[in-house]
Amino acid sequence: MGGKFLFDGRPVPFEEGQTILQAARAAGHYIPHLCWHPDFPPHGSCKLCVVKVGGRHVSSCALPARDGMEVESNTPEINGERRALLQMLFVEGNHFCPSCEKSGNCQLQALAYELDMSSARFAHFYPDRPVDASHPDVLLDFNRCIFCELCVRASRDVDHKGVFALTGRGIRKHLVVNAESGRLADTDFAVSDRAADICPVGVILRKRVGFAVPIGERKYDEASISSVAMEKGE
Amino acid sequence: MQDAERIAAQAVERHRREPSQLLQILVETQDGIGYLPAAALTRIADLLELPRARVEGVAGFYSFLYTEPVGRYRILFSDNIIDRMLGTRGLMESLCRRLEVSPGQVSPGGEVSVDVTSCTGMGDQGPAVLVNGLAVTRLDEARVERIASLVRAGTPLAEWPAEYFRVDDNIRRRGSLLGDDFVPGAALQAAMVRGRTGWLEEVRLSGLRGRGGAGFTTAVKWMACRDAPGADKVVVCNADEGEPGTFKDRVLLASQAERVFEGMTLAAWATGARQGLLYLRGEYRYLLKHLRAVLALRRAAGLLGPRILGEAGFDFDIDIHLGAGAYVCGEETALLESLEGKRGTPRIRPPFPVTHGYLGRPTVVNNVETLAKTTLIALQGGAAFAATGTPQSTGTKLLSISGDCAYPGVYEYPFGVTIAHVLEDCGAHDPQVVQVGGASGVTIAGHEFHRRIAFEDVPTAGAFMVFDGRRDPFEMARNFVHFFAHESCGFCTPCRVGTALLKGYMDKLASGKGAKMDLADIEWLDRLLKNASHCGLGSSAPNPVIDTLIKFRPAYERRLVSLDFKPAFDLDAALETARRMTGRDDPGAHLDWREEV
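Protein chains in written order, with our numbering: chain Y, 3 to 236; chain C, 110 to 706.
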């Protein structure tokens, strides 16, 4: 049984089983997200897709739409909270956009522009996260990891390899690979894996193609993340 | 290292190569080796046919699992504010000095490591430590001195004075639960006479609500599980009593285990479950032997196993799973993940455990006290149970009372009792603050002592920590913030980063470098944690800060050096590397931030 809900005051139809985010997208309304991906079940960790329903904050990627819901999304209050979540993601890792190969193709960077994030606000953590350049075709730069687990999920559920996993807890949580040595080269990871091109930020980078497209001419340099998402379905 | 692999393989075989037993396998492997070497993790992964990274992920999640070597004696000081008030910090320094080891480090010969851990549930008999996972209570300077020499002499724990491991119940006030003699099987017999439906109706009449904190109506939970599709239902007892300052479940497990297991069996009678699991927090591992003995007694008496009390079709048995130091596993969906041998990350809800719980099966998760209380309902009937307490909070509540009072321990009161009444009973002179419900609970100031312990006024899972006029509410809040930052599972952004940031702000204030803008940032973080967190840990983490900022604001304001901005970046600390490299530590190699003002 589907129905209709109000999204920022506008009616949005939905089908049974659709989440708020899915139904809103289908109706042409963008909700920011990082850990959500159209090809995967909802994960609900980044919280960028937070919306208010009946005064309560919920993850729109995970909550099934219900008839008559009133959803607030693109409001100063919610966008302010999203901006703070982005600031948190920036300060907990080491994100240095000007030298990052992913600049212009990075969803974290693009969302920061989208939501007018002009400073990091909080004190940086400067964590020590060595890179893993062992694999012949791919570089892992853990400094940029936002723990969306898309690589974990893609490798486990699509590639059926289980190359990636998270260990540690809390702020010490970190990505590891499936090898006693801890090196990507010692796993069965391949550049053709689904997990190789799923990272929304700059952790999993292909070697030898860096900066082939100059910064300034990349996906989110040309158009905002909301229009890319809505027009190209990405 | 071959030895390590052999020990790991034996643990896997003991658990019949069952991946859902991964946490138990890791605990037992570590028991045999002392820690979890990389080769042991590889072996476990191979035998369970799991990706090694997943095994590493689980091993890295739990505080009591170590992927690096630790001391042969591993001494962990309970770091709750109550233990601190009893002098833990000084005792820990003294022990470290005697053993010539720094906190968090392993001694050069690998004999000993000393560190802190989250509240071990001994607030009424602290200061407390865990030595190789076993609780040692009532620490004082003499005991520390003796422990240091036992460690230096390499005396096995079995030869340490038994007195050190004594854990008292300290039951100070008995009500209907703690006051009654219990005949094992009597409650079960009474419920079986009523039939499964009739029994559930009594539970509904009783108005019983969950004692673990959330206060969900037990009968509604049981009915939903009973009605959920799937014949393989499960009853889980949540004995992961991790809330700082709480220990009443420990006392129930020690002195009323029959009641707890009978309550689980009563839940099985209502829901049709055939499997029961008790999740015991790692800190209470010393109770494992006792609990297993009680289970054996009950099996022998026909109160567990096939055809309970001769009833055809009533088959139910209980297994005990051991936790390994993770407060978040008290959240019921994280607990289920942990029971399945995974990282204790809370699940997305819906679906709820009553329909999709342990291994996807319909599951009832109840707190220890809740289950024990169901025996009273079976024996007295639902209406009699509902006659005590208040209309919305029926029955009695166990409180774990600790802190600045003459008689810390466990007290049973009818719901509705005032905080003032409790304070008088426990001998609290000059109480300034009461923290009800633990770190995630409510901070109660003097002018609110007339308020009542009840779901509709001051709800609590049982903790009741008393602070007198000497104590600083800011330091209490800071201790709790550190606790949450340590215990955040790290799944969602607001809790993972927010608790770490909050800790940074509270430490900045504590070091006398705070500015007014920090208070604004703290309030902003509080709101974000409350609104956007994935589970109750994140949304309740700011509670002590929110409450103390409102009720004890001067405790914060007197720590401010400036009314505007002070950077969190410490210029002097940033010079540390340069100082180390040049071997200098003279005044000229330091920047005094005070001089900059």
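In short, the hints are calculated from the structure, not lab data. Incorrect hints may have been included.
[Unchecked claim] Derived, one-sided and incomplete: chain C residues facing chain Y with beta-carbon distance under 8 Å:
1) 147
2) 160
3) 170
4) 364
5) 461
6) 599
7) 600
8) 601
9) 609
10) 613
11) 621
12) 625
13) 626
14) 628
15) 640
Backbone N, C-alpha and C fix where the C-beta goes; we use that ideal spot for every residue, glycine too.
Hint by hint, here is what the structure shows:
no.: 1; hint: 147; in the structure: 5 Å, holds
no.: 2; hint: 160; in the structure: 3 Å, holds
no.: 3; hint: 170; in the structure: 5 Å, holds
no.: 4; hint: 364; in the structure: 33 Å, violated
no.: 5; hint: 461; in the structure: 13 Å, violated
no.: 6; hint: 599; in the structure: 4 Å, holds
no.: 7; hint: 600; in the structure: 5 Å, holds
no.: 8; hint: 601; in the structure: 5 Å, holds
no.: 9; hint: 609; in the structure: 4 Å, holds
no.: 10; hint: 613; in the structure: 6 Å, holds
no.: 11; hint: 621; in the structure: 17 Å, violated
no.: 12; hint: 625; in the structure: 16 Å, violated
no.: 13; hint: 626; in the structure: 11 Å, violated
no.: 14; hint: 628; in the structure: 15 Å, violated
no.: 15; hint: 640; in the structure: 4 Å, holds
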